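Residue numbers (this note's numbering), protein chains in the order written: chain H, 1 to 263; chain R, 1 to 263.
In short, the hints are calculated from the structure, not lab data.
Please read all numbers here as calculations on a predicted model, not as lab measurements.
Misleading hints may appear alongside valid ones.
Since copy identity is lost for identical chains, a pair holds within one copy or between any two.
[Claimed, not checked] Here are the simulated DMTMM-like pairs of lysine to aspartate or glutamate, each with C-alpha atoms no more than 25 Å apart in a straight line:
id, residue 1, residue 2
1, K192, D143
2, K217, E196
3, K101, D175
Number of protein chains: 2
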Amino acid sequence: MTGRDGGAPLERLGNAPVVVLVRPQLADNIGATARAMANGGLFDLRLVAPRDGWPQERAWRTASGADRILDCASLHDSVADAVADLHHVYATCPRPRHIVKPVLTARGAAAEMRQVCARDLKVGLLFGPERAGLDNDDMACADALVRFPLNPAFMSLNLGQAVLVMAYEWWMAEDQTVPRRLMTNETRVATKGELENFLGHLVRELDDCGFLHNLPKRPGMVRNIRHFFERGEVTEQELRTLHGVVSELAHGHARRGRQKNGN
Amino acid sequence: MTGRDGGAPLERLGNAPVVVLVRPQLADNIGATARAMANGGLFDLRLVAPRDGWPQERAWRTASGADRILDCASLHDSVADAVADLHHVYATCPRPRHIVKPVLTARGAAAEMRQVCARDLKVGLLFGPERAGLDNDDMACADALVRFPLNPAFMSLNLGQAVLVMAYEWWMAEDQTVPRRLMTNETRVATKGELENFLGHLVRELDDCGFLHNLPKRPGMVRNIRHFFERGEVTEQELRTLHGVVSELAHGHARRGRQKNGN
């Protein structure tokens, strides 16, 4: 099996950056690049003079199903050729020296690329060879450099990881997912009325069993219990469970005792 | 060489989340986890029942120098044991079903973990085994789940990549790098006065050579040239180069002609 007949049904999602791998050395990393691109909704891959030629079956094996990106990748002799039809080019670059160039964070670049793409301009994102990175001539082809903020004591990212960070930031730049939500699946968040109903049930049973017999302390104890149950969203299903828990704790022993004695 | 004597001089950076790998299968992924943790400034790694035992030399080989994280990793029999001293636990989870739980994005979780850590509480971040992910009992140990927004057509991330996204977001949650800046290295951004000085030079030479001879059109042509040079920040060094370019274009031929004839 070559892997070329299958893979995920990926397709181009609107106007998005083209990823240009400049003189990539390892087919594994070309595959990892395709996988990371798929994660972030990127589709167009261009390869400039891959060291071991193209295509290489190994790339399809490490792409984890992002086959279509590799199937559609184009091959170029030079960076100039790979970027000729593009309007803006960003070059990832770990340690730029002695040059005058705008430098963006990955997040800053993603936000800017979203804006440029929304203007129907074509954007390219250059990644250099594994060992040496982009050379000075490659960087001179770019409008701006992208440098990832990372722990300065450990900046080493491999090619696939660098592509993943950029692709992830590209995706996140338009992602609308709320940062925190309560996943309720089959149930729903309980209303304050439903919660009040449960708290009434609980307090009645606590009064009945004598837990709240100290009348001067009773209001404070009830408030403490309320504070606990009000702390996070409760679901309607959880309240039903809690009603059952309270009833059984209060009356289960007695009922089972009656059943045992009665039968 | 075992790789255990070297590696980057990593250390614990303040109160940061503990990464807990639950039943990891491949040593390669434990190494990749350490590498990704180092990228994001995380240090504490706990391993719950790794399939092939611990330590495994292969992990050190794929850690790319994040050896100290592996050297200091602790081994645990159960998730309960690994999280016993922690106050908040977040569990990464690709497809949570049939449970009621807060779900956070990676970015939302990173922001929240920064706040919790700032309160001197200990935070854990759970990652499940490669194939199956965390099981229902593992998830029940967590305060909240973390789900990465990614292209829904291709959500597949391997363990090392998932750790990288979380570690990167953890780092970014306090990173202060400006999204875009002009890197000037040895030079500096030119002042408006320096730019005006150059534009004056350019316009004088263009007047001299006859480029601006059409007097009705002259103001508009000068403005267009100004617009171009005002578009982005120019450095003081670039202006000196441009002064030279203008002088040489205007007088170089004539001077070289004189020298040739004179000598």
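Quiz item: Checking against the hints above, which ones are violated?
Solution: none
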